[in-house]
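So the protein lines, in turn, are chains A and B.
315 is the number that this note's numbering gives the last residue of the first sequence; the numbers go up by one with no jumps.
315 is the number that this note's numbering gives the last residue of the second sequence; the numbers go up by one with no jumps.
Hints listed in this document are in silico derivations from the structure and should not be mistaken for laboratory results.
Since we're looking at a predicted model, the values are computed, not measured.
There's no promise every hint is true.
As the list makes no split between identical chains, a pair holds if one copy fits it or if it spans any two.
Using 27 Å as the maximum straight-line C-alpha spacing, the simulated DSS-like pairs for lysine-lysine come out as follows [stated by the list, open to error]: (1) Lys259 <-> Lys299; (2) Lys65 <-> Lys299; (3) Lys250 <-> Lys35; (4) Lys71 <-> Lys31; (5) Lys299 <-> Lys247.
There are 2 protein chains.
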Amino acid sequence: MDLVDQMLGGNIKALTRLVTLIENQSPQIMKIMPKIYKKGGKALVIGMTGPPGAGKSTLVDQLIKLIRKEKKTVAVLAIDPSSPFSGGAVLGDRIRMQSHAQDLDVFIRSLGSRGSYGGLSRATKEIVRLFDAFGFDVILVETVGVGQSELSIMEVSDTTVVVLVPESGDTVQTLKAGLLEIANIFVVNKSDRPNASQMKHQLMEMVSLGPATLGSPTQWAIPVLQTQAVKGTGIEELWDKTLEHIKFLKKNHEAFEHKKQQERRGEFLEILTLAYQKEFLRRVQKETSLKTLLEEVEKGRKDPYTAAFQVINKT
Amino acid sequence: MDLVDQMLGGNIKALTRLVTLIENQSPQIMKIMPKIYKKGGKALVIGMTGPPGAGKSTLVDQLIKLIRKEKKTVAVLAIDPSSPFSGGAVLGDRIRMQSHAQDLDVFIRSLGSRGSYGGLSRATKEIVRLFDAFGFDVILVETVGVGQSELSIMEVSDTTVVVLVPESGDTVQTLKAGLLEIANIFVVNKSDRPNASQMKHQLMEMVSLGPATLGSPTQWAIPVLQTQAVKGTGIEELWDKTLEHIKFLKKNHEAFEHKKQQERRGEFLEILTLAYQKEFLRRVQKETSLKTLLEEVEKGRKDPYTAAFQVINKT
């Protein structure tokens, strides 16, 4: 696997090829990932989620500028679970981020949905690990926030920023519990629009009434910030609060370590489960008995429980 | 397992106890479910999803009245993934449905989130199968629509109704692709409010531009209905369209059967995966080597891939 060594040596082409391998869920991953795990652990991982049109990409763009001023390197992973496209996706807001295309210390990649949510969630975590191993100082993960994808962003990020706009009242109502579970920081972007302060107050009330962020120490008071990304307003405050949250996590070392342990356990069970599934499907191709079993289930001749029982008892 | 026989004989107490077993994910399920699978297949399963406050419970309440007029029996499963409560959950809108509490041919049960989404999704399917086996003519599954839970409602329902209100513009934007994936019928409830027709047109445009509902024959034109559930307006049309959709499915037998086969395959893999996971966790308790392995992963001393590899190679 000298591809991994090349990547660790700073080769961008090797990095890109590894991203593609992960994206395609190549069987090689099981051998590549352990090497990558050994190297990471230093990057700051920041998740940005929210409805489409909330201005996440513009915020990311502004954050990149700020981070680059501090001479730190940045990788961006933009996930769109609703898009079947990936890698070279031509999205309007991707183009804007191309303002950094000349900057070799900014690496931007987007990831669309291929197949199941489980696959996308896995690939997200793996690519973040890869960016971390490569040595980026900051990794920004941007995703259109719809249920499951938000949960996976939380699992991979140190700090999760939920970006809303003054018109998001209905979304906030809909996702209420989900939002509180994932947000470490709320941002009301496009704050020049009417109702921006109402939105801010709605969120502040939700934060004060709601339970503490799951998996996060109880003492962190989720801040509600206002930004106007196109003008660059409020970006510094957002960055400051992010760094403050990271500091908070490090200070509360025990709680942080507990969260990490839960994540690692979850990740292990996820990998194990997917590996079992793949292994099972691989065996189905070979063993006639399993193929017949799957067919019987598909045609409703055998119930899935009896069939699952049969498989488990065999192994 | 005479509990299953009692239930099949029409014993409501046995039915209730079986629901509780499923809810608690009792290990007995693996033995109970095959018997239940043998009996079902006749009920009409209708899913209702949408944001909180859209009036789903009132719609369900009105539908029950209509279905009861036709002398059909009804079971309702109300799922709230954001609630940690279950079974006897005291929800405001549950109380309204108590108007049918005297009616022995209406069975209402609610289900909150316990643990993972995966568990809730599984329990939902199992309870629906149980209601089906008991012999209810119609099963209404109501859920607060947030990402993952919507997908599971689609997997279990013949017809999925997405309920929105005139103010749901932002939600529609956020969930766009997700909504088109699951909706067989759109309902704009509270249609006396301003912007009801705009909402209707926004949905109609989305339907006309969007891809055909996944897993459903391409020729079904998703209707967009208007209702005012509190007054009972539009309920008959909703029921008619639901029956029309069921007829459509039956007419397009091959496409329907294809969808069913995919669902059965998915369900089998889901059960198999959960069973593997449980089996693994069960073995962890016993085998010191596995316990040590899990601890090493949790503490970050061993990466999850290497550990998963180790487990797979052993089995």
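Do the hints match the structure? See the list:
no.: 1; hint: Lys259 <-> Lys299; result: between (43 Å within a copy, 11 Å between copies)
no.: 2; hint: Lys65 <-> Lys299; result: neither (56 Å within a copy, 36 Å between copies)
no.: 3; hint: Lys250 <-> Lys35; result: within (26 Å within a copy, 53 Å between copies)
no.: 4; hint: Lys71 <-> Lys31; result: neither (33 Å within a copy, 61 Å between copies)
no.: 5; hint: Lys299 <-> Lys247; result: between (56 Å within a copy, 21 Å between copies)
The structure shown violates the earlier hints numbered 2 and 4.
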